[in-house]
Amino acid sequence: MAEIRFGVATSHVPAIGAAIDRGKEEEPYWAPLFQGYEGARKWMADANPDVIILAYNDHASAFDLDLIPTYAIGVASEFPIADEGYGPRDVPIVEGYPELAWHLAESLILDEFDMTICNYMPVDHGLTVPLSIMYDKPEKWPARVIPLAVNVIQYPPPTPRRCFNLGKAIRRALKNWDEDITVAVFGTGGMSHQLQGERAGWVNTPFDTDYLNRLGEDPESLLEISHIDLLRDAGSEGIELVMWLIMRGALGGSVREVHRHYHVPASNTAAGLIIFEDTTADVLL
Amino acid sequence: MTTSKKPYADIPGTYVFDGEHHRKGYALNMMCMSLNDPANREKFREDEEAYLDRWDLTAEQRKAVLDRDWLGMLRLGGNIYYTFKIAIFDGLSMQAVGGMMSGVTEEEFRQMMIDGGRNTI
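Going down the list, the sequences are from chains F and Y.
The numbers in the working numbering rise by one with no breaks, and the one at position 25 of the first sequence is 1440.
The numbers in the working numbering rise by one with no breaks, and the one at position 52 of the second sequence is 477.
Simulated from the structure, these hints should not be mistaken for laboratory data.
Where hints are given, some of them may not hold.
Quick list of in silico lysine-lysine cross-link-like pairs, DSBU-like style, CA-CA up to 35 angstroms [claimed, not checked]: (1) 468(Y) - 1439(F); (2) 1590(F) - 1457(F); (3) 1583(F) - 468(Y).
Each pair of labels, with its calculated beta carbon distance range [stated by the list, open to error]: (4) 462(Y) - 1463(F): 35 to 45 angstroms; (5) 472(Y) - 1446(F): 17 to 27 angstroms; (6) 515(Y) - 1695(F): 31 to 41 angstroms; (7) 1672(F) - 545(Y): 44 to 54 angstroms; (8) 464(Y) - 1555(F): 44 to 54 angstroms; (9) 541(Y) - 1510(F): 35 to 45 angstroms; (10) 431(Y) - 1695(F): 17 to 27 angstroms; (11) 531(Y) - 1643(F): 49 to 59 angstroms; (12) 468(Y) - 1633(F): 35 to 45 angstroms; (13) 484(Y) - 1554(F): 49 to 59 angstroms; (14) 462(Y) - 1493(F): 51 to 61 angstroms.
Built from N, CA and C at the ideal position, the CB exists for glycine as well.
Starting from the given sequences, assemble the full structure and let the hints guide the process.
Laid out in structure tokens, this is it:
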């Protein structure tokens, strides 16, 4: 049985990727952020998952306004790095896992989550920056990645509860995959930020702190926060936090928090990172 | 025609990209998206006016693009992830654009973020 043992939630700010690509980690502006990633990277090297199911959102890279899937799963053997206007980031190509991705797609659809299935899906900073945060600059990404793109740009995105339940369905699907592999689920985006309008620069540290505090022990309470409240409290782009709930739903009821980091700012964003190990009994058996 | 009251209409300084906004900004955003292609960036660089002729923009949208009126583009249906493609083309940071949308310099915006971000508007 494939086991979901780890959950990682992290911001995916493009400027973090650019700072890594240009070796700026030790500059005074960036140092406090990257110091908080050191422990996470050590943990990641030990955890060493075989596969990452990575929930992120595409930012006008693979999808445009002609096609807006709420949930899209990548089933290809590899995913090219998107050109977001700067030329593609100089990071390794992302290797997929078509057999498991198809199993997931089929299981999720039969479990009443109507996934869009993608063979060609260039991946942008939403997916590559979390990998860089956790792995730094490897020659090849150590894990295979199944991209799970979530629409959070076109209003309305899926609700927090729907995302949490999708995570649970991913957990059910993995239980029926007969291969001895370790799986991590990533939920990315957030934390509070607003890129647009006169309110650009919005940050809500009390909201973020509360979100981090409740995510591990009391995630159900976060499902009561409507996405209208997320727009208001976390900012128009902070609504990305719904994707963290896919990760948390994919873990069992009991988790152990192994790492947490929060820093303002990374560019225009409150950057958060939290890592959980699943301590639910059915995993330990 | 009836429209339902939008529960997010009272959030200040925020342009929620809903269906109405999408319809207004479709061509503008698709034009921005086209700048993902290096060949299109080259054409835009050669002659912005001629490049914009290829898209079904309103006169106001066209002017907002040429003037780099970032708030104007949002008001005319733009979405920040799309309109930011023009900022990338111009070599501008998100903080510079954030400053221009909120009426401060890039340096002031950057300092506001270092000080913990915007807490009120």
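Evaluated hints:
1. Of the pairs offered as hints, the one joining residue 468(Y) and residue 1439(F) holds, with about 33 angstroms between alpha carbons and a cut-off of 35 angstroms not exceeded.
2. Between residue 1590(F) and residue 1457(F), the direct Cα distance comes to roughly 28 angstroms. Compliance with the 35 angstroms bound is thereby established for this hinted pair.
3. A hinted pair counts as satisfied when its Cα atoms are at most 35 angstroms apart, and residue 1583(F) with residue 468(Y) does not qualify at roughly 47 angstroms.
4. Between residue 462(Y) and residue 1463(F), the C-beta spacing of about 37 angstroms keeps the proposed range 35 to 45 angstroms intact.
5. A hinted range of 17 to 27 angstroms for the beta carbons of residue 472(Y) and residue 1446(F) is inconsistent with their spacing of about 44 angstroms.
6. Distance hint check for residue 515(Y) and residue 1695(F): the Cβ-Cβ separation is about 50 angstroms, which falls outside the suggested range of 31 to 41 angstroms.
7. Checked against the given bound of 44 to 54 angstroms, the beta carbons of residue 1672(F) and residue 545(Y), roughly 31 angstroms apart, lie outside it.
8. Distance hint for residue 464(Y) and residue 1555(F): a CB-CB separation of about 30 angstroms, inconsistent with the stated range 44 to 54 angstroms.
9. For residue 541(Y) and residue 1510(F), the Cβ-Cβ distance of about 39 angstroms falls inside the hinted range of 35 to 45 angstroms, so the restraint holds.
10. The beta-carbon spacing between residue 431(Y) and residue 1695(F), approximately 40 angstroms, falls outside the hinted interval of 17 to 27 angstroms.
11. Checking the proposed 49 to 59 angstroms range against residue 531(Y) and residue 1643(F) shows it is violated: the Cβ atoms sit about 31 angstroms from each other.
12. Distance hint check for residue 468(Y) and residue 1633(F): the Cβ-Cβ separation is about 53 angstroms, which falls outside the suggested range of 35 to 45 angstroms.
13. About 51 angstroms separates the C-beta atoms of residue 484(Y) and residue 1554(F), a value consistent with the hinted range of 49 to 59 angstroms.
14. About 21 angstroms separates the C-beta atoms of residue 462(Y) and residue 1493(F), a value inconsistent with the hinted range of 51 to 61 angstroms.
Of the hints listed earlier, those the structure fails to meet are numbers 3, 5, 6, 7, 8, 10, 11, 12 and 14, in rising order.
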